[in-house]
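Just so you know, we're using the numbering used here here: the sequence shown kicks off at 14 and counts up by one.
One thing to keep in mind: the hints can contain errors.
[What the hints assert, rightly or not] The list that follows gives simulated cross-link-like pairs (lysine to aspartate or glutamate, EDC-like), each with its CA atoms no further than 16 angstroms apart:
no.	residue 1	residue 2
1	K340	D313
2	K302	E159
3	K328	E155
4	K70	D84
5	K209	E182
6	K333	D117
7	K328	D39
8	K316	D336
9	K327	D60
10	K234	D168
11	K251	E182
12	K15	E31
13	K244	E159
14	K251	D292
15	K251	D214
16	K220	D254
17	K327	D154
18	K290	D313
19	K328	E40
20	K158	E235
21	K290	D254
22	K145	D336
23	K234	E182
24	K177	E155
25	K15	D254
26	K327	E56
27	K49	D60
28	K220	E159
29	K251	D274
30	K177	D214
31	K327	E40
32	K340	D84
33	K302	E194
The set of hints was computed from the structure by calculation and includes no laboratory data. As the structure is a prediction and not an experimental result, all values here were calculated from the model.
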Amino acid sequence: MKILINSYAFYPSFGGSETVALILADEFVRLGFSVKVITSSVESLEDNSFPFEIIRKYSLLSLIGLLKWSDVFLQNNISLRTAFALAIVRRPWFIIHHSYLGWDLFSLIKRAILKLAVNVVIKENFPIRSKKVYIPNPYNDEIFKEVSSQLIKSDLIFVGRLIKSKGLESLLSSLSLLKDEIASLSLTVVGQGCDKAWFIDFAGKNKLMDRVSFLGYRPHKELAYILRQHKVLIVPSKQRDNCPLVCTEALACGLQVIISDKITNNPGVENLFLSFKADNILDLSRKIKLALSFNQSDNDFLKVRNLYLSQRRKKVISEKYRDLFEKYLNNDRK
Numbered sequence: 014m015k016i017l018i019n020s021y022a023f024y025p026s027f028g029g030s031e032t033v034a035l036i037l038a039d040e041f042v043r044l045g046f047s048v049k050v051i052t053s054s055v056e057s058l059e060d061n062s063f064p065f066e067i068i069r070k071y072s073l074l075s076l077i078g079l080l081k082w083s084d085v086f087l088q089n090n091i092s093l094r095t096a097f098a099l100a101i102v103r104r105p106w107f108i109i110h111h112s113y114l115g116w117d118l119f120s121l122i123k124r125a126i127l128k129l130a131v132n133v134v135i136k137e138n139f140p141i142r143s144k145k146v147y148i149p150n151p152y153n154d155e156i157f158k159e160v161s162s163q164l165i166k167s168d169l170i171f172v173g174r175l176i177k178s179k180g181l182e183s184l185l186s187s188l189s190l191l192k193d194e195i196a197s198l199s200l201t202v203v204g205q206g207c208d209k210a211w212f213i214d215f216a217g218k219n220k221l222m223d224r225v226s227f228l229g230y231r232p233h234k235e236l237a238y239i240l241r242q243h244k245v246l247i248v249p250s251k252q253r254d255n256c257p258l259v260c261t262e263a264l265a266c267g268l269q270v271i272i273s274d275k276i277t278n279n280p281g282v283e284n285l286f287l288s289f290k291a292d293n294i295l296d297l298s299r300k301i302k303l304a305l306s307f308n309q310s311d312n313d314f315l316k317v318r319n320l321y322l323s324q325r326r327k328k329v330i331s332e333k334y335r336d337l338f339e340k341y342l343n344n345d346r347k
């Protein structure tokens with residue numbers, strides 16, 4: 014099988030959807046498939062080290078040639094630019110849908126086009142009446158896992174883009190509220206973004222700089238090591254979003270996870286993640302104290318967590334995609 018993956022953002026860009034595309038491309042090669050990735054991300058010195066070809070600069074003519082080469086076209090989030098080429102070269106078309114869709118004109122166009130493809134979605138209540146299949150996002154279970162350690166763990170960690178819609182301001186405000194009650198409470202911030210300087214200034218004005226560490230971006234292996242040094246991951250988003258991949262990665266590393274109610278829960282996480290009302294500092298503070306006191310060796314919790322993780326290992330998820338592709342290809346040949 015020849016699989017063409019279209020991911021607008023790809024390595025060396027970082028983020029959940031980029032990670033999913035990289036995992037799937039690697040795993041499809043492991044399954045014996047030929048894989049090519051087209052992306053708009055900048056070139057990397059490591060491009061030649063991947064077991065698949067990465068095409069970063071392409072024209073409509075070259076895209077048509079790549080579609081003719083492929084048996085399956087997989088879009089990692091819908092891209093209108095590449096979708097229109099399917100009007101010239103018809104191929105089985107699958108879209109992994111990560112993002113929340115609004116009701117602006119651009120989103121309405123996307124909603125209409127999404128009805129034409131097979132939608133691989135990462136949440137069951139996907140708001141499009143179309144051919145849809147629920148497949149969770151894979152995580153790299155070789156990197157994100159628990160490791161026996163005698164290290165004393167730090168308390169809280171935030172991982173994400175440093176922009177105001179991600180809610181880091183709420184977390185910093187909660188830390189300020191709790192600092193007198195929990196004398197040693199600390200926060201590690203991992204990520205980059207256009208509002209980083211604003212958050213550092215906010216932490217300084219609230220006299221939190223002795224409790225907050227801004228680490229910037231960290232690659233996956235280093236991020237896994239950092240996660241294992243903490244007790245609680247907090248995802249305090251202010252805008253609607255799907256459950257980010259880092260929630261699964263943190264669970265796999267042994268952390269408790271707190272998410273805002275703007276995050277759409279994946280099936281099976283009801284008993285795994287604590288939720289708080291977005292922008293409600295008091296509610297977040299209560300959930301932080303609850304998470305810090307939670308008994309991580311609780312058998313019921315571990316049973317649910319381990320089942321959840323086992324369903325999202327990269328080998329399991331890539332084989333679900335393989336079965337989906339083969340099902341549609343076999344139906345087309347009949």
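Hint-by-hint comparison with the structure:
Between the alpha carbons of K340 and D313 the distance comes to roughly 36 angstroms, so the proposed pair goes past 16 angstroms and is violated. Distance check on the hinted pair: K302 and E159 sit about 23 angstroms apart at the alpha-carbon level, beyond 16 angstroms; violated. About 11 angstroms separates the Cα atoms of K328 and E155, which keeps this hinted pair within 16 angstroms; it holds. Distance restraint check for K70 and D84: the Cα-Cα separation of roughly 21 angstroms exceeds the 16 angstroms cut-off, and the hinted pair is therefore not satisfied.
Between K209 and E182, the direct Cα distance comes to roughly 11 angstroms. Compliance with the 16 angstroms bound is thereby established for this hinted pair. Annotation: proposed proximity of K333 to D117 is violated, straight-line Cα distance about 33 angstroms (limit 16 angstroms). Restraint check: the Cα-Cα separation between K328 and D39 comes to about 10 angstroms, which is no more than 16 angstroms; the hinted pair holds. This hinted pair does not check out: K316 and D336 have alpha carbons roughly 27 angstroms apart, beyond 16 angstroms.
At roughly 21 angstroms between alpha-carbon atoms, K327 and D60 are farther apart than 16 angstroms, so this suggested pair is violated. Taking the CA atoms of K234 and D168, the gap is near 20 angstroms; set against the 16 angstroms cutoff, the hint is violated. Note on K251 and E182: the hinted pairing holds, with a Cα-Cα distance of about 10 angstroms set against a maximum of 16 angstroms. A distance of roughly 20 angstroms separates the Cα atoms of K15 and E31; the hinted pair therefore is violated under the 16 angstroms criterion.
Between K244 and E159 the CA atoms are separated by roughly 12 angstroms; this keeps the pair inside 16 angstroms, and the hint holds. With a C-alpha separation of about 7 angstroms, the suggested pair K251 and D292 falls inside the 16 angstroms cut-off, and the hint holds. Of the supplied pair hints, the one linking K251 and D214 is violated, its CA atoms being roughly 20 angstroms apart against a limit of 16 angstroms. For the hint pairing K220 with D254, the CA-to-CA distance comes to about 31 angstroms; that exceeds 16 angstroms, so the pair is violated.
Restraint check: the Cα-Cα separation between K327 and D154 comes to about 7 angstroms, which is no more than 16 angstroms; the hinted pair holds. Pair hint K290 plus D313 does not hold up; C-alpha atoms about 25 angstroms apart against a cutoff of 16 angstroms. For a cut-off of 16 angstroms, the pair hint linking K328 to E40 stands: about 7 angstroms separates their Cα positions. The hinted pair formed by K158 and E235 meets the criterion: a straight-line CA distance of about 12 angstroms does not exceed 16 angstroms.
Distance restraint check for K290 and D254: the Cα-Cα separation of roughly 14 angstroms lies within the 16 angstroms cut-off, and the hinted pair is therefore satisfied. With a C-alpha separation of about 14 angstroms, the suggested pair K145 and D336 falls inside the 16 angstroms cut-off, and the hint holds. With a C-alpha separation of about 27 angstroms, the suggested pair K234 and E182 falls outside the 16 angstroms cut-off, and the hint is violated. With a CA separation close to 32 angstroms, the supplied pair K177 and E155 exceeds the 16 angstroms bound.
Simply put, K15 and D254 have alpha-carbon atoms about 32 angstroms apart, too far for the 16 angstroms limit, and the pair is violated. With a C-alpha separation of about 25 angstroms, the suggested pair K327 and E56 falls outside the 16 angstroms cut-off, and the hint is violated. For the suggested pair K49 and D60, the alpha carbons sit about 12 angstroms apart, so the restraint of at most 16 angstroms is met. Between K220 and E159, the direct Cα distance comes to roughly 33 angstroms. Violation of the 16 angstroms bound is thereby established for this hinted pair.
Proximity of K251 to D274 is assessed by CA-CA distance (about 9 angstroms); at most 16 angstroms being required, the pair is judged to hold. In summary, the hint linking K177 to D214 is supported, as the alpha carbons are separated by about 13 angstroms, within the 16 angstroms threshold. The suggested pairing of K327 with E40 holds, with an alpha-carbon distance near 7 angstroms, which does not exceed 16 angstroms. For the suggested pair K340 and D84, the alpha carbons sit about 13 angstroms apart, so the restraint of at most 16 angstroms is met.
Under the criterion of a C-alpha separation no larger than 16 angstroms, the hint pairing K302 with E194 is consistent with the structure, at around 10 angstroms.
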